[in-house]
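Asks: Listed below are the residues making up each chain.
Protein chains: 2
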Amino acid sequence: MRATVIHAPHDIRIEEVPDAAVREPTDAVVRTVLACICGSDLWAYRGVASRQPGQRIGHEFLGVVEAVGAAVTGFRPGDLVVAPFVWSDGVCEFCVEGLQTSCPHGGFWGTPGSDGGQGEAVRVPFADGTLVQLPKEAASDQHLLTALLALSDVMSTGHHAALAAGVRPGATVAVVGDGAVGLCGVLAARRLGADRIIALGRHEDRTAIARKFGATDVVPARGEEAVAAVRELTGGSGAHAVLEAVGTEESMRTAISIARDGGAVGYVGVPHGGSAGVDISQMFDRNVAVCGGVAPARAYIPELLADVLSGRIDPSPVFDATVDLDGVPDGYRAMDERTALKVKITF
Amino acid sequence: MRATVIHAPHDIRIEEVPDAAVREPTDAVVRTVLACICGSDLWAYRGVASRQPGQRIGHEFLGVVEAVGAAVTGFRPGDLVVAPFVWSDGVCEFCVEGLQTSCPHGGFWGTPGSDGGQGEAVRVPFADGTLVQLPKEAASDQHLLTALLALSDVMSTGHHAALAAGVRPGATVAVVGDGAVGLCGVLAARRLGADRIIALGRHEDRTAIARKFGATDVVPARGEEAVAAVRELTGGSGAHAVLEAVGTEESMRTAISIARDGGAVGYVGVPHGGSAGVDISQMFDRNVAVCGGVAPARAYIPELLADVLSGRIDPSPVFDATVDLDGVPDGYRAMDERTALKVKITF
Numbered sequence: 607m608r609a610t611v612i613h614a615p616h617d618i619r620i621e622e623v624p625d626a627a628v629r630e631p632t633d634a635v636v637r638t639v640l641a642c643i644c645g646s647d648l649w650a651y652r653g654v655a656s657r658q659p660g661q662r663i664g665h666e667f668l669g670v671v672e673a674v675g676a677a678v679t680g681f682r683p684g685d686l687v688v689a690p691f692v693w694s695d696g697v698c699e700f701c702v703e704g705l706q707t708s709c710p711h712g713g714f715w716g717t718p719g720s721d722g723g724q725g726e727a728v729r730v731p732f733a734d735g736t737l738v739q740l741p742k743e744a745a746s747d748q749h750l751l752t753a754l755l756a757l758s759d760v761m762s763t764g765h766h767a768a769l770a771a772g773v774r775p776g777a778t779v780a781v782v783g784d785g786a787v788g789l790c791g792v793l794a795a796r797r798l799g800a801d802r803i804i805a806l807g808r809h810e811d812r813t814a815i816a817r818k819f820g821a822t823d824v825v826p827a828r829g830e831e832a833v834a835a836v837r838e839l840t841g842g843s844g845a846h847a848v849l850e851a852v853g854t855e856e857s858m859r860t861a862i863s864i865a866r867d868g869g870a871v872g873y874v875g876v877p878h879g880g881s882a883g884v885d886i887s888q889m890f891d892r893n894v895a896v897c898g899g900v901a902p903a904r905a906y907i908p909e910l911l912a913d914v915l916s917g918r919i920d921p922s923p924v925f926d927a928t929v930d931l932d933g934v935p936d937g938y939r940a941m942d943e944r945t946a947l948k949v950k951i952t953f
Numbered sequence: 607m608r609a610t611v612i613h614a615p616h617d618i619r620i621e622e623v624p625d626a627a628v629r630e631p632t633d634a635v636v637r638t639v640l641a642c643i644c645g646s647d648l649w650a651y652r653g654v655a656s657r658q659p660g661q662r663i664g665h666e667f668l669g670v671v672e673a674v675g676a677a678v679t680g681f682r683p684g685d686l687v688v689a690p691f692v693w694s695d696g697v698c699e700f701c702v703e704g705l706q707t708s709c710p711h712g713g714f715w716g717t718p719g720s721d722g723g724q725g726e727a728v729r730v731p732f733a734d735g736t737l738v739q740l741p742k743e744a745a746s747d748q749h750l751l752t753a754l755l756a757l758s759d760v761m762s763t764g765h766h767a768a769l770a771a772g773v774r775p776g777a778t779v780a781v782v783g784d785g786a787v788g789l790c791g792v793l794a795a796r797r798l799g800a801d802r803i804i805a806l807g808r809h810e811d812r813t814a815i816a817r818k819f820g821a822t823d824v825v826p827a828r829g830e831e832a833v834a835a836v837r838e839l840t841g842g843s844g845a846h847a848v849l850e851a852v853g854t855e856e857s858m859r860t861a862i863s864i865a866r867d868g869g870a871v872g873y874v875g876v877p878h879g880g881s882a883g884v885d886i887s888q889m890f891d892r893n894v895a896v897c898g899g900v901a902p903a904r905a906y907i908p909e910l911l912a913d914v915l916s917g918r919i920d921p922s923p924v925f926d927a928t929v930d931l932d933g934v935p936d937g938y939r940a941m942d943e944r945t946a947l948k949v950k951i952t953f
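Chains Y and P, in that order, are what the protein sequence lines are. Going by this note's numbering, the first sequence opens with residue 607, and the numbers climb by one from there. Going by this note's numbering, the second sequence opens with residue 607, and the numbers climb by one from there.
In isolation and in its complexed conformation, chain Y is listed as follows (with noise of 0.2 Å):
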């Protein structure tokens, strides 16, 4: 089968690979029908984080069971599921609580030894514990398959932004970052009852989608110029849920900054800037509490697929260009180079 492998810092190949097949009986395999590009692909594309050369890269999916192994109860072939962006036992004491990607037999994709997201196929470690069905019929509606493929990572990272920050109905929140995450954690707060949602961001098509995700107000500025004019919009008290998508010591920083005292950062962006972003004197004096960390999408999916399908939420909008599997090389460039928000992988 072909697949998307990363070599280098922005060396990303397609490739014939091994195919995907059941190796364990708990495994399933999905023919990927989406994939995407996640802002965090980028950290590997850029060098910031590293990856072996050769490895698979690709945590986002939906697809179709090809086959499964014999110890598989909930899937057979033909059933449509979404992968969450990290594979889990669902039977461990992390699992059963809700938190699948601390599960001891957990793995993410790409890693090392398993299948990334960006490819024709994917072994699916745990199928039972892992993958959440979808409804058959969504296989002909591709906008709704691409609402659904938001599950896979980020509609859930931005939900869990928002549950760590504490957001409730009447609250005002402010999101830090106009990435996909940043937009669906708009979404997840107008979702969660939010009453006011500042949206930071300058990018004018991005902070539209967050308009029209639920943003009330839009804030183009960055550090100091933004806590103040987050303040302004505040009456001077800040916002009491903050979240945080960008993972930058300037994004933390500004995030906790804006917090109303007693609030709370619920920050999802992959951290890169080591602690220094985190002031503790200034949490320490307000009160401000700092949660969040890497989203337990599995948990979330049930719930956001439910207000999917329904259409309540409607995350597709944060998917602004296509490319097939040959074109995913494009597709990064393009996200790094910000001429794209999210770009959706057909097959």
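No wet-lab data here; the hints were simulated from the structure. Where hints are given, some of them may not hold.
Claimed, not checked - Covered stretches of chain P (chain Y as the covering partner; in silico rule of three or more C-beta atoms under 8 Å from a C-beta of chain Y): (1) 702 to 715; (2) 861 to 871; (3) 907 to 920.
Every residue, glycine too, gets a C-beta built ideally from N, C-alpha and C.
Since the structure of chain Y is already known, use the hints to place chain P on it.
Replies: Same frame as chain Y, but now just chain P:
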């Protein structure tokens, strides 16, 4: 009147100062009955936290109301009262929400222009918003008074740490720090229904109090060794809730490392190590939250007071030495040299 004054690191003096007096209609004057020395006073004593030469010091006291301003409605001369370690107006949005430490009219005892708690009397701004009434009968019960004095800071702060860390019935809790706040954190965790409480501390007289307060396990190690010990005690998982009551880089690092995935560190140790102890990458991968800060003691005193009066909790064992006002410099020395845990001041 006479009060404690700090002139320079290690230079604490008892001096004649202007009498405390009602200046604003919302003021009260409280004649001090009991006060004490806080672990956080040692930061000033050691020169780690700067003070203006000649500044007053001390932020924990209870006493008898001597005079009230015309606008004070909740107190009158003769009332026995305890003060939280910050004053607050009681009417702003933060006070109403129970985050009195963020009151825009609030302040910390001993800041320039205000009286400190380690003096014969204290001018209390916003008496109605700040003070809490105690039963008059307590005045004749030295043991009870001592327990009530702990509400001013250490017991309320330990409770804040436990709340911030999300202590729930049945939880496994770890407490980093065997100072008075850490010990009160043990007591607060037990009060909130923790099932297992692991106290980290190496001073046997202190860990004996921890056991009396409800600690089920004691870990005398530090750093990596402590992390390994807590992991072993918890089947490898760590503690659901970790109370960080030290405020150094090492203690924060330890606290994060011993938290169970998905758990939280409730930190109340005044931070003096920058943000270096906050390992955001470790927090991210394991969804460990860092919550807490300066405790809104005023919010907690009423409920904790009820439990002290009923005998359900007794934090008095954290006081292991007593001095009179003239003995305060010796009290600082004893705490600095760790020959005393927490020094009570009688008047």
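Asks: Which hints from the list above does the structure break, by number from lowest to highest?
Replies: 3
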